[in-house]
Amino acid sequence: MAQPLVKKDDDRDDEADYHPFLGIEKGAVLQEARVFNDPQLDARRCSQVITKLLYLLNQGESFTKIEATEVFFAVTKLFQSRDIGLRRMVYLMIKELSPSADEVQIGTDISYIASNIKVIIVTSSLMKDMNSKTDMYRANAIRVLCRITDGTLLTQIERYLKQAIVDKNPVVASAALVSGIHLLQTNPEIVKRWSNEVQEAVQSRAALVQFHALALLHQIRQNDRLAVSKLVTSLTRGTVRSPLAQCLLIRYTSQVIRESGGNTQTGDRPFYDYLESCLRHKAEMVIFEAAKAITELSGVTNRELTPAITVLQLFLSSSKPVLRFAAVRTLNKVAMTHPMAVTNCNIDMESLISDPNRSIATLAITTLLKTGNESSVDRLMKQITNFMSDIADEFKIVVVEAIRSLCLKFPLKYRSLMNFLSNILREEGGFEYKKAIVDSIVILISDIPDAKESGLLHLCEFIEDCEFTYLSTQILHFLGIEGPKTSDPSKYIRYIYNRVHLENATVRASAVSTLAKFGALVDSLKPRIFILLRRCLFDSDDEVRDRATLYLNTLGGDGSVVETDNDVKDFLFGSLDVPLVNLETSLKNYEPSEEPFDINSVPKEIKSQPLAEKKAPGKKQPGLGASPSGPASTVDAYDKLLSSIPEFSNFGRLFKSSPPVELTEAETEYAVNVVKHIFDSHVVFQYNCTNTIPEQLLENVTVVVDASEAEDFSEVASKPLRSLPYDTPGQTFVAFEKPEGVPAVGKFSNMLRFIVKEVDPSTGEAEEDGVEDEYQLEDLEVVAADYMLKVPVSNFRNAWESMDPESEQVDEYGLGPRESLTEAVSAVINLLGMQPCEMDYYSGHDYGKGSEVVPNNSRSHTCLLSGVYIGNVKLLVRLSFGMDSSREVAMKLAVRSDDVNVSSAIHDIVASG
Amino acid sequence: MESCPSVKNILLLDSEGKRVAVKYYSDDWPTNSAKEAFEKAVFTKTQKTNARTEAEIAMFENNIVVYKFVQDLHFFVTGGESENELILAQVLQGFFDAVGLLLRGNVDKKEALENLDLILLCLDEIVDGGIILETDSNVIASKVASNSMDAGAPLSEQTISQALATAREHLARSLLK
Numbered sequence: 001m002a003q004p005l006v007k008k009d010d011d012r013d014d015e016a017d018y019h020p021f022l023g024i025e026k027g028a029v030l031q032e033a034r035v036f037n038d039p040q041l042d043a044r045r046c047s048q049v050i051t052k053l054l055y056l057l058n059q060g061e062s063f064t065k066i067e068a069t070e071v072f073f074a075v076t077k078l079f080q081s082r083d084i085g086l087r088r089m090v091y092l093m094i095k096e097l098s099p100s101a102d103e104v105q106i107g108t109d110i111s112y113i114a115s116n117i118k119v120i121i122v123t124s125s126l127m128k129d130m131n132s133k134t135d136m137y138r139a140n141a142i143r144v145l146c147r148i149t150d151g152t153l154l155t156q157i158e159r160y161l162k163q164a165i166v167d168k169n170p171v172v173a174s175a176a177l178v179s180g181i182h183l184l185q186t187n188p189e190i191v192k193r194w195s196n197e198v199q200e201a202v203q204s205r206a207a208l209v210q211f212h213a214l215a216l217l218h219q220i221r222q223n224d225r226l227a228v229s230k231l232v233t234s235l236t237r238g239t240v241r242s243p244l245a246q247c248l249l250i251r252y253t254s255q256v257i258r259e260s261g262g263n264t265q266t267g268d269r270p271f272y273d274y275l276e277s278c279l280r281h282k283a284e285m286v287i288f289e290a291a292k293a294i295t296e297l298s299g300v301t302n303r304e305l306t307p308a309i310t311v312l313q314l315f316l317s318s319s320k321p322v323l324r325f326a327a328v329r330t331l332n333k334v335a336m337t338h339p340m341a342v343t344n345c346n347i348d349m350e351s352l353i354s355d356p357n358r359s360i361a362t363l364a365i366t367t368l369l370k371t372g373n374e375s376s377v378d379r380l381m382k383q384i385t386n387f388m389s390d391i392a393d394e395f396k397i398v399v400v401e402a403i404r405s406l407c408l409k410f411p412l413k414y415r416s417l418m419n420f421l422s423n424i425l426r427e428e429g430g431f432e433y434k435k436a437i438v439d440s441i442v443i444l445i446s447d448i449p450d451a452k453e454s455g456l457l458h459l460c461e462f463i464e465d466c467e468f469t470y471l472s473t474q475i476l477h478f479l480g481i482e483g484p485k486t487s488d489p490s491k492y493i494r495y496i497y498n499r500v501h502l503e504n505a506t507v508r509a510s511a512v513s514t515l516a517k518f519g520a521l522v523d524s525l526k527p528r529i530f531i532l533l534r535r536c537l538f539d540s541d542d543e544v545r546d547r548a549t550l551y552l553n554t555l556g557g558d559g560s561v562v563e564t565d566n567d568v569k570d571f572l573f574g575s576l577d578v579p580l581v582n583l584e585t586s587l588k589n590y591e592p593s594e595e596p597f598d599i600n601s602v603p604k605e606i607k608s609q610p611l612a613e614k615k616a617p618g619k620k621q622p623g624l625g626a627s628p629s630g631p632a633s634t635v636d637a638y639d640k641l642l643s644s645i646p647e648f649s650n651f652g653r654l655f656k657s658s659p660p661v662e663l664t665e666a667e668t669e670y671a672v673n674v675v676k677h678i679f680d681s682h683v684v685f686q687y688n689c690t691n692t693i694p695e696q697l698l699e700n701v702t703v704v705v706d707a708s709e710a711e712d713f714s715e716v717a718s719k720p721l722r723s724l725p726y727d728t729p730g731q732t733f734v735a736f737e738k739p740e741g742v743p744a745v746g747k748f749s750n751m752l753r754f755i756v757k758e759v760d761p762s763t764g765e766a767e768e769d770g771v772e773d774e775y776q777l778e779d780l781e782v783v784a785a786d787y788m789l790k791v792p793v794s795n796f797r798n799a800w801e802s803m804d805p806e807s808e809q810v811d812e813y814g815l816g817p818r819e820s821l822t823e824a825v826s827a828v829i830n831l832l833g834m835q836p837c838e839m840d841y842y843s844g845h846d847y848g849k850g851s852e853v854v855p856n857n858s859r860s861h862t863c864l865l866s867g868v869y870i871g872n873v874k875l876l877v878r879l880s881f882g883m884d885s886s887r888e889v890a891m892k893l894a895v896r897s898d899d900v901n902v903s904s905a906i907h908d909i910v911a912s913g
Numbered sequence: 001m002e003s004c005p006s007v008k009n010i011l012l013l014d015s016e017g018k019r020v021a022v023k024y025y026s027d028d029w030p031t032n033s034a035k036e037a038f039e040k041a042v043f044t045k046t047q048k049t050n051a052r053t054e055a056e057i058a059m060f061e062n063n064i065v066v067y068k069f070v071q072d073l074h075f076f077v078t079g080g081e082s083e084n085e086l087i088l089a090q091v092l093q094g095f096f097d098a099v100g101l102l103l104r105g106n107v108d109k110k111e112a113l114e115n116l117d118l119i120l121l122c123l124d125e126i127v128d129g130g131i132i133l134e135t136d137s138n139v140i141a142s143k144v145a146s147n148s149m150d151a152g153a154p155l156s157e158q159t160i161s162q163a164l165a166t167a168r169e170h171l172a173r174s175l176l177k
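These protein sequence lines map, in sequence, to chains X and D. So for the first sequence, UniProt numbering puts the first residue at 1; every next one is plus one. So for the second sequence, UniProt numbering puts the first residue at 1; every next one is plus one.
None of these hints come from the bench; they were simulated from the model. One or more hints might be untrue.
Said to hold, decoys possible - Partner residues are not named here, just some residues of chain D that face chain X (Cβ under 8 angstroms, in silico):
1. A21
2. D27
3. P30
4. N32
5. E36
6. E54
7. N84
8. E85
9. A89
10. K110
11. L116
12. L120
13. L121
14. D128
Every residue gets a Cβ at the ideal spot worked out from N, C-alpha and C, and that includes glycine.
Please model the complete structure; the sequences and the hints are all you need to start from.
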C-alpha cells in the first residue's frame, strides 16, 4: 500500500488511523458510480460504491440536484441484479435520494417531471419487489415505496398495503403499519380506510406488529374520544404482548383518564386499577411508564401515589444508571407537588448523592432539599459541600435554587444556608451561577430579617472582587436600599467608596447613587458622604460626574446639613411609575423648547405593541384601529384622534382605551368593532366600520345606541361618518356623560343606521338616490375592568409595603367548581382588568415568573396584580387561590390602594362578578 | 404524551467525536452544522463518563440522551424530554448488541467503517422515521445479515423497460400541457 504523500504533522500511527474512506472525494466516487451502468454488474463492487456514496452523505456532504438525479437513475439500473445484499443497499440509497413528497407536489418545471419520472421508474421496480416471494424484499420495498409515493400512486398500491398489514410475516406487517403512520400525515383520508385491517393487526400474536398497529389505530381515531375510550377499555382487559405496546396503552389510558375528568364522586378513578396492575408487569419499561403515568394524574391522591412511589424507590437502588435516573427524575417532579409522599425514599436518595452520574446526584440532592425536614438540613449541607466542587455550573444553579427554597421554608436554618451560599460565592464560577447565588442571598435578606446584616456583608465582600459589572451594580443598588436601615450603616461606606476608585464607569456611577442613598437616609453620615461625593466631581466619566452633581444638589450638599425632605427620598427611592418604553417614546417626541419635559405626560398604560410608526404631522392616519386584524392602535394615537374632534375636546385627559371589541360576526356584510374610550366624566364609543360589499356605498353612517340598560349614562354627542365606500374603514363616534370619577357600568344595544347607494361595479360610480337601512349589531358592555389601567410595578413587595396597611381590605370568596386553577386565575384577572406582576419572593417559589402562570397540578396559587383605577388611584391586589378535591375553588383577596373606597370597590366588583 | 415513543436521532461517533454513522429523524437540527454542533456538545459532555459496562444517561437542551461506549466507538440515542428513558435505553441496547453481533465481537472504529454497509442497514432496521421498528439485537442482526441470493426473483429487465415507457409517456404528457 502506498504511503500518503502528505506528511502528517503529528506522530500518530498511520496504520491505526487508516480506514477505507480515508481521503475519499465526491467527484471520484461519482465517477466510480459508472459501474452501475456496466452490462455485467459486479454486485460486490456496486455495493461498495453505494456504501461510499452513503458515507459521503452521512458525513454531511451534499449532492447537487443534477448529481443526485444522475446517481438516482444509475442506481435504479441495479434492480436488475438479484444479489440481495446489493438490493438492500439500493433501497437505502433510494431513500436517501428520494424526491420528497413536497418536491413532487410543489415543483412545476423540469424538476417536477424529473422527480415524477424517478418515482415512476422506481415504483414499478418496487411494486415488483412488493409482490415478491421474499419477505425481506417485500418489507423493504413497502417502506421505500411509501417514502416516495404521493396520493395518486398511493391509491394504486393501496390494495397491496392493506394485504401487507394483515400479512402473516410480522416484518412485512410492521413495515406496512409503520408506513401507514407516516402516510397518515400526508394522506389521512386514504390511511383511514385501512381501519379494519389495522384493527385485525392489533390482535396479532407478533409483539411488534401489535405495537405498530396500536399506534396507527390510535392515530387514526385520535380525534374521536369515544372510539379511543372504547379501544382502551377493550385492550386493558385483553392481552397486550409487547412491552412497547403496553407502554403505548398506558399513555392512551392516561389520556382517557385526563379527558374524562375524573367524574366519579367516590374518588375511584376509572382505569386506575389497570395502571396499578402495570406496576407488577415483568418489563421495567412498562413498570416505569405506569408509575410515571400515575404521578402525572391530575389531582393525584396520596393513596394513589403510594404504589407508584414504592416501585420507583426500588429503581433508585438499581445497578443501571438509566433506571436510577428515570426514577429520581420522576420523584423529583413528584416532590414539587407532594413532598410528603417522597420522604420515604430519603435514605435511598442520600446514597445517590455520591452517584458517579452527576445528573442523578443533582436530581437526588434537589429532591432531598424539597422533601427534607428542619433537622436534616445541617447534615444535608455537609454532604452538598463536598459534592459542589465536582459538578458543572448548570447543576450548581439547580442546587442553589433548591437551597433558596429550602431556606425560605426553614428560616431558622438561615445561618448554615447563608454560610453555604457565601462560601460558594467565593469559589470559581460563571456568570449565571454567580447570579443565581447573588439572587438567592438577596431574596433571603429580604425575607429573613435576621439574615440581613450577615448577608449584606457577604455581598460587600463579593463586590470587592467581582468580575461581573451587572452583578456589582445590582448589589450596589440593593445595598443602597437595605444598607441605611441596618444598625451600623457606616461600615458599608468603605466597600462602596472602594468601587469608586477601582471599577469601570458603570459600577462607579452606581456606587455614587448608592452613596447618595446613604446620605439621604442617615443624617449622621451626611457630612462624610458629601466629602466623598465632591471627590467624584472630578471623575473621568461624565455620567459619574453628573450623578455626583445631581445628588449634591438634591441633598443640599452646599454645606448646610438639613433634614432630607420627602421629595428627595421619593426621587431617590421611589420606583419609576411609567413604563420605560413609554418614557423613551415621549422623550423622543419631545422637542426642545422653553417648556420643560413633563414626566406626567408620559402614558402609564403598557401597550400591546410599542409605537411602531410615527406618522408625519398633517398626514391623516388611515384606518385607525378600524381593521380588526390590523395593529392595535396606541393610546397616543387615540388621544390625538379624539382631541381633534371638537365635540370631545373638552372631555379632558383620556384615561384608557379598551382593545377593539367585535360587534359583528366574521365575514358579514359590514364589519364593526368598537373601542371604549374612558374619560373622567365621559365615555366615547368609537365604532370602526368596514363595508365589505363592493356594489354598495354607505353614507351618513351612525350608530343608534339604546342606553336604557345603562342608567348612569346619557348620550351627549354623536359624530356620524359621512361616507363609507367599499373596503375603506371609517369611524363614527357616540359620546356619553357619566358621573365624574364613578366607575359606572351598563349595557348598550347598538344599531347601525345608514343610507345605502348602489355602485356600478364597472364605473365605480354611485347612484344618486339611496335607501335608508339599518343593521343590528351586537350589544356592548362597559364593565369595571374598563376603569382599570394595567400598570406594572417592578417590585411588587416593595410597592405593597409602601402602601398604607390601613387601606388593606381582605375577604374570601368561593368561586365554585372550576376546570382548573389556571382558569379561575385568568377569570379573576379578566374581571379586574389588572396587570399580573412577577412572582416575588414573598410567595416563596417560582420567583421571577409571571404570577398568572399556575404550575401544573398545583392546588394552590398566589397571584399578584397591579393597576391604576379611575381617578389615578394606585392599587395592588394579592390573590390566594386554593382548590379542594371536588374542584371547588376558594379565593382570598387582599387589596391595598391609595383610597379605601377603591379597595372596597374592588371587592364589590369581585362580589358581583 | 399520547404520542408513540419516538427517537430523535441515533449517533455512532468515534473517540474524537467524529461521525462514523448518524441518522436523524427529527427536524430539531435542520442543517448539517446544527447536527454537528449537537454531536459535539453531546460528545464533549459525555466523553469523560464511564459508559462501558452499563448505558449512561444525560439531558441536553431538553432532550434525553442515552449512551454506551466500547473501544473507540460511542453510541448515542436521543429522545424528547418526556420520553420514557427505558425505551430509549432499549433502542440503544438493541443497536449496540446488533453491531456487536454483526462485527463478530470486533467492535471498533476501523471494523465499523470497513463494514459501514452493515452499520447503515442496522440503523435502517431499528428505527423508521423516528418510530421504533425492532429492538431485539438478534432479529436486527439476522435481518441485516441475510445475504443469500434470492432464487425466486425473476430477471427484472422487462420491468425497467416497461417503466421507462411509462415515464416517456408521462414526460410527453407533461410537456404538451
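Verification of the supplied hints:
1. A21: With Cβ-Cβ at 6 angstroms, under 8 angstroms, it holds.
2. D27: violated (13 angstroms)
3. P30: With a minimum Cβ separation of about 13 angstroms from chain X (threshold 8 angstroms), the hint on P30/D is violated.
4. N32: At about 4 angstroms, which falls below the 8 angstroms cut-off, the nearest Cβ of chain X leaves the hint on N32/D intact, so it holds.
5. E36: Given a least distance of 7 angstroms, the restraint on E36/D holds.
6. E54: It holds, given that the least Cβ distance between E54/D and chain X is near 5 angstroms, below 8 angstroms.
7. N84: Because about 5 angstroms separates N84/D from the closest Cβ in chain X, which is inside the 8 angstroms limit, the hint holds.
8. E85: Where the cut-off is 8 angstroms and the nearest Cβ of chain X is about 4 angstroms from E85/D, the hint holds.
9. A89: holds (4 angstroms)
10. K110: holds (6 angstroms)
11. L116: holds (5 angstroms)
12. L120: OK, holds: L120/D within 8 angstroms of chain X, min 6 angstroms.
13. L121: Hint on L121/D: holds, closest Cβ of chain X at ~6 angstroms, below 8 angstroms.
14. D128: D128/D check passes; min Cβ-Cβ to chain X is 5 angstroms, inside 8 angstroms.
Consistency with the previously given hints fails for numbers 2 and 3, ordered from lowest to highest.
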